[in-house]
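Enquirer: As they're listed, the protein sequences go chains Y and L. Numbering of the first sequence is given in the numbering used here, commencing with residue 7 and proceeding in unit increments. Numbering of the second sequence is given in the numbering used here, commencing with residue 7 and proceeding in unit increments.
Honestly, the hints are just simulated from the structure, not real lab data. Computed from a predicted model, the values in this text were never measured in an experiment. Mixed in with the good hints, there may be bad ones.
Repeated chains share a single entry, so a pair holds when one copy, or any two copies, can fit it.
To be verified - Each computed DSS-like pair below joins lysine-lysine, with the alpha-carbon atoms no more than 27 Å apart:
| # | residue 1 | residue 2 |
| --- | --- | --- |
| 1 | Lys336 | Lys367 |
| 2 | Lys76 | Lys336 |
| 3 | Lys359 | Lys12 |
| 4 | Lys315 | Lys367 |
| 5 | Lys359 | Lys169 |
| 6 | Lys77 | Lys202 |
| 7 | Lys336 | Lys359 |
| 8 | Lys169 | Lys202 |
| 9 | Lys77 | Lys433 |
| 10 | Lys433 | Lys12 |
| 11 | Lys315 | Lys76 |
| 12 | Lys12 | Lys336 |
| 13 | Lys76 | Lys359 |
| 14 | Lys367 | Lys299 |
| 15 | Lys36 | Lys202 |
| 16 | Lys367 | Lys433 |
| 17 | Lys36 | Lys77 |
| 18 | Lys76 | Lys36 |
| 19 | Lys367 | Lys36 |
| 20 | Lys12 | Lys76 |
| 21 | Lys359 | Lys433 |
| 22 | Lys202 | Lys315 |
| 23 | Lys315 | Lys336 |
| 24 | Lys433 | Lys336 |
Protein chains: 2
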Amino acid sequence: MPYSEKVLQFLKSRGLSTGDEVQVEAEGVKLEGYVLPREELDFGDQDALLLKLKSGYNAGIRIDTISSAKKLSGRVELERFPKLKEVAQDPELPPISFISTGGTISSRVDYLTGGVAMLFSPEEILYGIPELSSLVRVRTAERLFSMASEDLRPEQWAAISSKAIDCLMQGDRGVVVLHGTDTMHFTAAALSFMIKNLNAPVALTGAQRSPDRGSRDADMNVIASARVAAHLPHALVCLVFHSSPSDRSAFVLRGTRARKMHTSRRDAFRPVNDLPVARVTDGSIEVLDPSLKPRSDEAPWVDTAFEDKVALLLAHPNSPPELMDHLLDKGYKGFIVQGTGLGHVPSLTLEGKGSWLPTIKRAIDESAFVGMTSQCLYGRVDPLVYRNGRLLMEAGVTFLGDMLPEVAYVKLGWLLGHGFGLEDVRKLMLFSFAGEIADGDDPSTYLY
Amino acid sequence: MPYSEKVLQFLKSRGLSTGDEVQVEAEGVKLEGYVLPREELDFGDQDALLLKLKSGYNAGIRIDTISSAKKLSGRVELERFPKLKEVAQDPELPPISFISTGGTISSRVDYLTGGVAMLFSPEEILYGIPELSSLVRVRTAERLFSMASEDLRPEQWAAISSKAIDCLMQGDRGVVVLHGTDTMHFTAAALSFMIKNLNAPVALTGAQRSPDRGSRDADMNVIASARVAAHLPHALVCLVFHSSPSDRSAFVLRGTRARKMHTSRRDAFRPVNDLPVARVTDGSIEVLDPSLKPRSDEAPWVDTAFEDKVALLLAHPNSPPELMDHLLDKGYKGFIVQGTGLGHVPSLTLEGKGSWLPTIKRAIDESAFVGMTSQCLYGRVDPLVYRNGRLLMEAGVTFLGDMLPEVAYVKLGWLLGHGFGLEDVRKLMLFSFAGEIADGDDPSTYLY
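For reference, chain Y alone in the conformation it holds in the complex (with noise of 0.2 Å):
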């Protein structure tokens, strides 16, 4: 689609065409690039002026939100921009999808408060990444929906996971889902457990920075979970991002065993209790951990039953028990608690005041389940050093040895959707699905 009439105007009366250099602010923001033309795009607003940024990624900008334009001294030709649909694919390449969920990584600038908000589409990080085209046949590239990670719920989860199979069934190496980074260990947890008979690896990644600052750390979270998809040797759900601040690697994560343990840094994502599976380079995959599920000629298939009604709650000092009762008067079926240390709460000294023992037996009489982890995040629980922990497990609470609280909370309401009762939770709950729990401890992972 061209531009709009008032878009043209804009242009006109400041002296500007496409191909050249511009510094525009927007709703106090600065942005500089070169203008695009507008019919190099077959979506968006007809209303934005459209923007090649220096990171190489595109902006659009709706004509009415700018405060100022000015014209700098830079020009590019306009053959300096590949069309996506002029993007040379090699059919000898190995063929991934893209399935683009939300968050920064498709982010463009929001026109509504300012800040980056979740409307973009994955052509146009195609169309931005054209290293891409000499690594990979992008088979298909579908915005599944445009989320900020903090909304999505389990039937995304169970939305992600059936497209990521559809696309692994029509033949795909590999997939890569782009989301935003808040919760994409949560759906990452969440699709090592919905997909069943995975064949191939499925790599999430996102960004940290927005595509707007100098900083941006898409580009090669993209172009490194493209690699995984098409040449990891293993069928795994996992995380791909920045091993270090720098470009120079990228750590391939295992989806049950990664969290989020910076808000901003580009290296945000860590193993806890577990190591890298795999360090990506520009040109090549070593991976660190081979003994894991080799790709396979298995059919995959998705399972995505979830009981909403589960819980991850925090016990620490003064924690009020009763939201536990609270959600079990609600019906909720299942408790993730993340005690203090090796997995207590308070409990021994305090029955009947502030005491969470009475209400773990209540809910265990009332056949909910009752899982502890632990706040510490590294380590693994254990109840048999300390009688509060003995009381619990006495009580019947199921300690989840070195289970993140996020993935036990996960795999909890995925269990619970299956309709199992109590005893065979208990079991499947210790059984490792997805790596998510296993003995031994390596003391090289803390703090990776």
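Given chain Y, work out where chain L should sit, using these hints.
Expert: Frame of chain Y, contents of chain L only:
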């Protein structure tokens, strides 16, 4: 008090006398040590057989619970066991006091369930760590209470604060608080806020390993803490803990910037968004942060008001906002939310379906405080990057920078305990009382 007839009979029947090396088994726990003369100790259960463990600690084992007792080949002469009253106290050494609150560091083998429970006195620790006598003069050593740290509540935080001040007012150079590790960082934060005009160090320490294990860490932590109490040049509430699994050095961590990051490692406590303020080795304290408030002649005082009706809530995919509603119905006055990433909650695309926004708006309408922190732990929250953040800020949520969620929780209860209005609380939550919030990000603090 001497041993009871029952114990004397037990020893006699097995040909055992004080000083003999024995192996006893009680409720599944095997212990080896030397039989202690009962008269050494003026406290405890007369029916308990006392052993000096290889660790240097004493264990008391109730005679009824002993299933087997085997005499081993070793023997020590009784003069090897110093009596507390005979420990030479050099009047020239700096006076300090110990306050024991419970936890592993004050534990002995627990007869009730076979684990380690909380029944030990600080005299026992001094008796077990003779090195202290060349380092400090132990002016007082008081068992304030014997609680697992997960059971501590604001009233205990207040009691510890008051007791520490009493000690300092009596002329101590510093105070060591022996404390269970699980929630030590909550207590350290509470003391940081509750003690005003602090004039000397208050060092919290504990043990990750029970005293009957070869890997016990209590000795070094106590010795390092005594050194900190006597010689740290700063007036600071701090945690003193192993810097690594080895016994080579301990870190001094700011009381508002530490967190238990591992369930069982000796170096479980780490600084978050901060670096250690000092390193303690055998013989010296290396100050790493010279910017801290120095010791002074000020008179400290306590300010322990605390509003119990505050809560720390975790926001994650599918998390029920109704927990906040429920607590509002119960009269709760403030909330710290552990949001995702930069400080988000399910909100934007979820109006009417799991969005936290309506509940948060209700809370603020009802003059409750809502503060935002991040479950990432490392980094800082920022409402200005994404739309969900802006919507929360516009709703009146206070974004709490780089403050730890646990510390924000304690600080909020403390501020609300003083009856401040919402506007004042908002300002004061962003004011640094004890180094708990700061501008500037030091990349070297990540996963330190």
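Enquirer: Taking 27 Å as the upper bound on the Cα-Cα distance, should Lys315 and Lys367 be classified as within, between, both, or neither?
Expert: both (18 Å within a copy, 24 Å between copies)
Enquirer: How would you classify Lys12 and Lys336 at a CA-CA limit of 27 Å: within, between, both, or neither?
Expert: Answer is neither: 54 Å inside a copy and 55 Å across each miss the 27 Å cutoff.
Enquirer: When no copy is named, should Lys169 and Lys202 be tagged within, between, both, or neither for a Cα gap of at most 27 Å?
Expert: within (13 Å within a copy, 59 Å between copies)
Enquirer: Is it within, between, both, or neither for Lys336 and Lys359, if the alpha carbons may be no more than 27 Å apart?
Expert: both (23 Å within a copy, 16 Å between copies)
Enquirer: Pop the pair Lys76 and Lys36 into one bin, within, between, both or neither, using alpha-carbon distances up to 27 Å.
Expert: Within one copy, since 11 Å is at most 27 Å while 80 Å is not.
Enquirer: Give the relationship of Lys367 and Lys433 under a CA distance limit of 27 Å: within one copy only, between copies only, both, or neither.
Expert: within (19 Å within a copy, 42 Å between copies)
Enquirer: At 27 Å max between alpha carbons, let me know whether Lys36 reaches Lys77 within a copy, between copies, both or neither.
Expert: within (13 Å within a copy, 81 Å between copies)
Enquirer: Indicate which option fits the pair Lys433, Lys336 if close means a Cα-Cα distance not exceeding 27 Å: within, between, both or neither.
Expert: Classified as within; 25 Å inside a copy, 37 Å across copies.
Enquirer: As a check of your reading, is Lys12 near Lys76 (CA-CA no more than 27 Å) within one copy, between copies, both or neither?
Expert: within (18 Å within a copy, 95 Å between copies)
Enquirer: Between Lys77 and Lys433, at a C-alpha cutoff of 27 Å, which is it: within one copy, between copies, both, or neither?
Expert: neither (66 Å within a copy, 43 Å between copies)
Enquirer: Could you figure out if Lys315 and Lys76 sit no more than 27 Å apart (CA to CA) within one copy, between two copies, both or neither?
Expert: neither (54 Å within a copy, 54 Å between copies)
Enquirer: Could you place Lys315 and Lys336 in one of the four classes (within, between, both, neither) given a Cα distance threshold of 27 Å?
Expert: both (9 Å within a copy, 22 Å between copies)
Checked against the numbered hints above, the structure breaks hints 2, 3, 6, 9, 10, 11, 12, 13, 14, 15, 19 and 21 and satisfies the rest.
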